[in-house]
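The residues making up each chain are set out below.
There are 2 protein chains.
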Amino acid sequence: MKKKVILVILDGLGDEYIPELNGTPLEYASNETVTLNKMANEGMCGLVNVIAPGIPPSSDTAHFTIFGYDLSKEYTGRGYFEALGANIPINEGEVALRFNLATVEKSNNLLYIRDRRAGRISGKDAEELVRALQKAISERGIPAEVHHTLEHRGVLVIKGEGKLSRCVSDVDPHESNVPVLKAMPFEEISGEELEAAKRTARVINEVTKLSYEVLNDHPVNREREEKGLPKANIILSRGAGIAIKLTTFREKWGMNAAYVAGGPLYKGVAKAVGMKEIYVEGATGTVNTNLKGKIDGVLRAIDAGYDFVFLHIKGTDSLSHDKKSREKAEFILKIDKVLDKLLEIDDVVIAVTGDHSTSSRMGRHIGLPVPIAFYSKSVIRRNGISKFNEVQCAEKGALGVIKGSDIMPMLLDLSNRTMEYGLRPSPKKVIYAGAFGEPLQL
Amino acid sequence: MKKKVILVILDGLGDEYIPELNGTPLEYASNETVTLNKMANEGMCGLVNVIAPGIPPSSDTAHFTIFGYDLSKEYTGRGYFEALGANIPINEGEVALRFNLATVEKSNNLLYIRDRRAGRISGKDAEELVRALQKAISERGIPAEVHHTLEHRGVLVIKGEGKLSRCVSDVDPHESNVPVLKAMPFEEISGEELEAAKRTARVINEVTKLSYEVLNDHPVNREREEKGLPKANIILSRGAGIAIKLTTFREKWGMNAAYVAGGPLYKGVAKAVGMKEIYVEGATGTVNTNLKGKIDGVLRAIDAGYDFVFLHIKGTDSLSHDKKSREKAEFILKIDKVLDKLLEIDDVVIAVTGDHSTSSRMGRHIGLPVPIAFYSKSVIRRNGISKFNEVQCAEKGALGVIKGSDIMPMLLDLSNRTMEYGLRPSPKKVIYAGAFGEPLQL
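In the order they appear, the protein sequences are chains A and B. Sequential numbering from 37 applies to the first sequence in our numbering. Sequential numbering from 37 applies to the second sequence in our numbering.
Don't take each hint at face value.
What the hints assert, rightly or not - Quick partial rundown of chain A residues pointing at chain B, CB under 8 Å, derived from the structure: (1) Arg-417; (2) Asn-419; (3) Val-437; (4) Leu-448; (5) Asp-449; (6) Thr-454; (7) Gly-458; (8) Leu-459; (9) Leu-478.
Said to hold, decoys possible - Taking lysine-lysine pairs in the DSS-like style, the calculated list, with each CA pair at most 27 Å apart, reads: (10) B:Lys-439 / B:Lys-464; (11) A:Lys-39 / B:Lys-360; (12) A:Lys-218 / A:Lys-142; (13) B:Lys-109 / A:Lys-464; (14) A:Lys-307 / A:Lys-439; (15) A:Lys-465 / B:Lys-195; (16) B:Lys-109 / A:Lys-109; (17) A:Lys-234 / A:Lys-199; (18) B:Lys-109 / A:Lys-439.
The set of hints was computed from the structure by calculation and includes no laboratory data. All values reported here derive from a predicted model rather than from experimental measurement. Here a beta-carbon is modelled for each residue, glycine too, at the ideal position from N, C-alpha and C.
Extracted from the complex, chain A is given alone in its bound form (with noise of 0.2 Å):
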């Protein structure tokens, strides 16, 4: 019998050794935790190279991966996700990236970042400043568009006739006191795409010029230099995505996929690929969502009749990256104390996991393996694993090291989805069972 499968992504799980825990934040809160240390102990464990060992993946190339898609061939980028997840209109063929308002100094017609996010400004503020750059990228005609999303952020969509690119880089350098960068293609391309990356930069170039132009002197932020405030003089844009029709993870696996997730992020990677939304109140992707509401969410999807369920739970990561390692460990306890209705499904199996390490020393992502757990009453080796963390995972679990791309077909073997290497009952390449072809007809 088929199984359903549900696949829990604690985002940046995985940690190094903070001397005060004595431990990783996991392997400190696995002294208390009680679920997830019966799914290791009662399931299969192992260590996860998400992309490869000493590879940080971002969060989007990350989840990418483990829905089980391929990078090199199939990744758009990442500002198709942002624009998705913020409910931002984008039509095919369109690129989106994300973008800070930032702020820069001119100094012999180089603009130099002096804070990459303008002091986290948000509000009306920012609303203000995004609106008035609409305006004159309007006037003039340029085929492009910004929106306001959170905080300091928001996302600028290419337009116009020809065909646009993906592979432009980056405006924003990631780093202060270095100028602004100028969007270039990426060296690899040639011939159609060359042109398509040529006439894209030339855009976000155009854009971000502007920006600096009308913001620089606009009211609002002369008020904030008023206030001592750093002026959001510029739009810093980074991590152009094309707007194409992937392949849907029902296609590639045979399941109907939900997802319940409060980051805008992980709703856009989950709806590029054909997931449908499971929304719950109060899920915001932050320390302060609500976790019961999104176990709920995950019972009422199954309910429902989907073969899969991804549920995203953003805070471990962001904790992390305000360096905030106990806190880490204490929502990981949290989490721990809601998870314990899944295992009550019948005819499950259960993985969870980070999407990636993010180190609570350091406030980034780190390239270590993330510690996963397969819970199933079927198809499982038990290992002696006592509590779930990086060390136990790695010392006693009975699956060893594994890769990002391998957790998708280990949950359609373990949710009895699979066929064997080799059966080809269609001429569809095969993976899961029930990919039929054709009925001879006599």
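Once you have looked at the hints, place chain B on chain A.
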């Protein structure tokens, strides 16, 4: 000094946790196995993902991979191995498919499968039906042959003038109560290959329809009906394979190879790569096989000067498919009792592993890794393994997790037959010591 190599494949060796055994069948057996535990303790162990985590290999793709062949480039399809293993004459360029005699019911011009094995028909009934079908095929001048092999099984060979292709989907949907499928060219092929696949599919579909026409009212089936037995009124073919000269095992690895096997498929794969058969009386490929005789066969092969001997034992897999966990454990004990003789051979490297895991709870191949032990008096790193099983290999194996394609390079290295990566004393790609080029003439 170069050592000889013995590769022992216990088919479907790995398994899942079986509550009644408080472990996997191998884990349970390893409380009593002697030789396997000695090999693990004095040798080196690890886990093998034969294809990749979560991908349950078929037996032929598994063996082909373990022998060091590249599935994406060199795999010729299962039917070819089946034909070779059953000693069915097949010429280069012809396509073979295995088939089942099956029971179908006609409804709205479609044929619904009621029993994929026609009540496990065998003997004279099966022979006579296949003969009747062959007669009709010949009368119509269809370029094909059908051969009965064992029980409800047979092999269909597609012949003819034009180029043929193995890239056609299965007529057998691998499920009951769904319609018989139309053979169709794979989606990913084009050009000449596509034309060849269309031609091949046309013949397969013609034979399939004809089989219903000829068999449905055949006297044998009328008699079966009267006895309350299911009619064998169609042949369901699958696994098209093309007869192509493969790079031989000797060309690839520099070793003269022989095999000891009972099951036709394994004989077929071994033959296809040019291994020589060591015939063993009573080697049946069943649980009643002549285990002692097979070990003697390996010793004979070593004495005869073969560098590499492949020993295949099928019973472990068959018992798993029959969901007999305890019997699987007992069969492993029986194997363990005869393996000791292999350890007495001087200057030999022995590897024991499975081609895949098979769940003896569900009776199907699963995508969990298989344990492996390399035993040799050289190039060994001892691990603290006291019992050869899936769990100890995961927890304490000196090798960690390897892939199926790593086994041959490891055996070459352990047997002093390898060359450092990059060394090139031959215009050919050099892997093994002894692959030399032409001497310089003065």
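Distance restraint between Lys-109 (chain B) and Lys-109 (chain A), which requires alpha-carbon spacing of 27 Å or less: Given that 27 Å is the threshold and the Cα spacing comes to 20 Å, the pair holds.
Satisfaction of hint between Lys-464 (chain B) and Lys-439 (chain B), Cα-Cα up to 27 Å: Answer holds: Lys-439 (chain B) to Lys-464 (chain B) is near 25 Å, not above 27 Å.
Holds or violated: Lys-109 (chain B) to Lys-439 (chain A), with C-alpha atoms at most 27 Å apart: 23 Å, holds
Pair hint Lys-234 (chain A) and Lys-199 (chain A), alpha-carbon separation not exceeding 27 Å: 10 Å, holds
Interface hint compliance - Gly-458 (chain A) to chain B, C-beta minimum distance less than 8 Å: 5 Å, holds
Cut-off 8 Å, beta-carbon criterion: hint that Asp-449 (chain A) touches chain B: Because about 4 Å separates Asp-449 (chain A) from the closest Cβ in chain B, which is inside the 8 Å limit, the hint holds.
Residue hint Val-437 (chain A), partner chain B, criterion CB-CB below 8 Å: 6 Å, holds
Lys-218 (chain A) paired with Lys-142 (chain A) [C-alpha distance capped at 27 Å]: Since the Cα atoms of Lys-218 (chain A) and Lys-142 (chain A) sit roughly 15 Å apart, the hinted pair holds (cutoff 27 Å).
Evaluation of the interface hint that places Leu-448 (chain A) against chain B, nearest CB under 8 Å: 6 Å, holds
Holds or violated: Lys-39 (chain A) to Lys-360 (chain B), with C-alpha atoms at most 27 Å apart: Holds: Lys-39 (chain A) and Lys-360 (chain B) sit about 23 Å apart, inside 27 Å.
Hint validity - Leu-459 (chain A) Cβ closer than 8 Å to any chain B Cβ: This interface hint holds because 6 Å falls under the 8 Å limit.
Distance restraint between Lys-307 (chain A) and Lys-439 (chain A), which requires alpha-carbon spacing of 27 Å or less: 23 Å, holds
The structure agrees with every numbered hint stated previously.
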